[in-house]
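Asker: Here is what each chain is made of, one letter per residue.
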Amino acid sequence: ETGVTQSPTHLIKTRGQQVTLRCSSQSGHNTVSWYQQALGQGPQFIFQYYREEENGRGNFPPRFSGLQFPNYSSELNVNALELDDSALYLCASSLLGGKAYEQYFGPGTRLTVT
Amino acid sequence: DAKTTQPNSMESNEEEPVHLPCNHSTISGTDYIHWYRQLPSQGPEYVIHGLTSNVNNRMASLAIAEDRKSSTLILHRATLRDAAVYYCILLGASGTYKYIFGTGTRLKVLA
Numbered sequence: 001e002t003g004v005t006q007s008p009t010h011l012i013k014t015r016g017q018q019v020t021l022r023c024s025s026q027s028g029h030n031t032v033s034w035y036q037q038a039l040g041q042g043p044q045f046i047f048q049y050y051r052e053e054e055n056g057r058g059n060f061p062p063r064f065s066g067l068q069f070p071n072y073s074s075e076l077n078v079n080a081l082e083l084d085d086s087a088l089y090l091c092a093s094s095l096l097g098g099k100a101y102e103q104y105f106g107p108g109t110r111l112t113v114t
Numbered sequence: 001d002a003k004t005t006q007p008n009s010m011e012s013n014e015e016e017p018v019h020l021p022c023n024h025s026t027i028s029g030t031d032y033i034h035w036y037r038q039l040p041s042q043g044p045e046y047v048i049h050g051l052t053s054n055v056n057n058r059m060a061s062l063a064i065a066e067d068r069k070s071s072t073l074i075l076h077r078a079t080l081r082d083a084a085v086y087y088c089i090l091l092g093a094s095g096t097y098k099y100i101f102g103t104g105t106r107l108k109v110l111a
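Line order of the protein sequences matches chains F and G. Residue 1 is where the first sequence starts when you use this note's numbering, and the numbers rise one by one after that. Residue 1 is where the second sequence starts when you use this note's numbering, and the numbers rise one by one after that.
Worth flagging that the hints you see were computed from the coordinates, not collected in a lab. Don't take each hint at face value.
Stated by the list, open to error - One-sided excerpt, in silico: chain G residues whose CB lies under 7 Å from chain F:
id, residue
1, Gln-42
2, Gly-43
3, Pro-44
4, Tyr-46
5, Lys-98
6, Phe-101
7, Gly-102
8, Thr-103
9, Gly-104
To be verified - From chain G, some residues computed to sit far from chain F (all C-beta separations above 10 Å):
id, residue
10, Pro-7
11, Glu-14
12, Thr-26
13, Ile-64
14, Thr-72
15, Lys-108
Unchecked claim - Derived SDA-like pairs: lysine to any residue, alpha-carbon spacing no greater than 25 Å straight-line:
id, chain 1, residue 1, chain 2, residue 2
16, G, Lys-3, F, Glu-102
17, G, Lys-108, F, Leu-39
18, G, Lys-69, G, Val-47
19, G, Lys-108, F, Gly-40
20, G, Lys-69, F, Gln-41
21, G, Lys-3, F, Gln-44
22, G, Lys-3, F, Leu-96
23, G, Lys-69, F, Gly-42
We put the CB at the ideal spot given by N, CA and C, even for glycine.
Full structure from sequences and hints, please.
Answerer: Following this line, the structure appears as structure tokens:
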């Protein structure tokens, strides 16, 4: 069983640029959630996708957007990067309707905005 | 979204039991109690979850108060590998299954 993978591992961008982060869900999972984790804080929910449709969103501006593909891989796009966007970005996959809503997290992408 | 309150940090000696408390006084009747932990430089990993009854698995035990306003994660014999940030999370049974993380409890295990 393949776990959740994310790419790239690290990324450095300049303020105002755009970035795309990628996530490959665990096999058989139909839901992916994205979280932002600032240094020393707990992860903050950005949004969730279920069967390619957004299924809920946290308190993040529209410049944070996402996609989920038929093979359940996913992308997080952030436009007009700001310094405060520097964080660890985590994706988590789960099987909605399956076993007790367990989410399986990837190792994260560390984004630094300069 | 119901919130949880945990101590910022705790210490334990290796091979001793650890009791990690969590308060969730605004929990609703359908909220599940989930525990995750985050080892250094890794994403969070599932530990255990429960609704009303106490639960055991190979990693830990979860003790839930009768009024469900608090719970305790029990590590029966702490090892150095258990040093992590432990998060107590409430998860509603409808809509978006999103986790609301707090700042968690940083567990330090002393050799």
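Asker: Could you work out which earlier hints the structure fails to respect and list their numbers in ascending sequence?
Answerer: Per hint list: zero violations.
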